[in-house]
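A.B. asks: Sequence:
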Amino acid sequence: MHELGFAAPTALQHRDATGREVARTDFWWADARVAGEFDGIGKYDLGLHRGDDAARRASIRREKEREVALQLVTRAVAHWTWEDLRAPERLARILTAAGVPRTVRPEPTDAQRHHRRAERR
Numbered sequence: 009m010h011e012l013g014f015a016a017p018t019a020l021q022h023r024d025a026t027g028r029e030v031a032r033t034d035f036w037w038a039d040a041r042v043a044g045e046f047d048g049i050g051k052y053d054l055g056l057h058r059g060d061d062a063a064r065r066a067s068i069r070r071e072k073e074r075e076v077a078l079q080l081v082t083r084a085v086a087h088w089t090w091e092d093l094r095a096p097e098r099l100a101r102i103l104t105a106a107g108v109p110r111t112v113r114p115e116p117t118d119a120q121r122h123h124r125r126a127e128r129r
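Just so we're aligned: the sequence shown equals residues 9 to 129 in this note's numbering.
Calculated directly from the structure, the hints in this document are not laboratory data.
Treat the hints with caution; some may be incorrect.
Ranges of calculated distance between the beta carbons of each label pair, as one might list FRET restraints [to be verified]:
hint	residue 1	residue 2	range
1	Arg101	Asp34	11 to 21 Å
2	Asp47	Thr111	17 to 27 Å
3	Gly59	Arg28	30 to 40 Å
4	Gly48	Pro96	39 to 49 Å
5	Thr26	Glu127	47 to 57 Å
6	Ala66	Arg101	14 to 24 Å
7	Ala62	Leu12	35 to 45 Å
8	Leu80	Arg129	48 to 58 Å
9	Pro109	Asp24	45 to 55 Å
Where is the CB? At the ideal position from N, CA and C, for every residue including glycine.
When you get a sec, could you build the whole thing from the sequences and use the hints?
C.D. replies: Below, the structure is given as structure tokens:
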């Protein structure tokens, strides 16, 4: 994120209007009220609930309820995966779309420079 020119985030507990903790997020940009979540697949690993459909459904339901609760106390929630981290331009699009502030404009990548040169021709 830093190399892409985005502001430094913090981790945070999110609380609703009553003061009840809604969730903890991996990243938080307070001024923009944007939460960031790195989505690993571990929590969705079906092997954790092997043969227990009720437990699997309950786990998915809790995750969905958490997401809705987060949306009520933030302006946006950005989600990304390992694949997004390996594609910095895609991660930048995700963070920009969510409204994560940038502190500096990053230097264009070689691919971007090549694309711009081709457009000018």
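A.B. asks: So, for every hint listed, does it hold in this structure?
C.D. replies: Verification of the supplied hints:
no.: 1; hint: Arg101 / Asp34: 11 to 21 Å; result: holds (19 Å)
no.: 2; hint: Asp47 / Thr111: 17 to 27 Å; result: holds (25 Å)
no.: 3; hint: Gly59 / Arg28: 30 to 40 Å; result: holds (34 Å)
no.: 4; hint: Gly48 / Pro96: 39 to 49 Å; result: violated (19 Å)
no.: 5; hint: Thr26 / Glu127: 47 to 57 Å; result: holds (53 Å)
no.: 6; hint: Ala66 / Arg101: 14 to 24 Å; result: violated (33 Å)
no.: 7; hint: Ala62 / Leu12: 35 to 45 Å; result: holds (42 Å)
no.: 8; hint: Leu80 / Arg129: 48 to 58 Å; result: holds (49 Å)
no.: 9; hint: Pro109 / Asp24: 45 to 55 Å; result: violated (24 Å)
The earlier numbered hints that this structure contradicts are 4, 6, 9.
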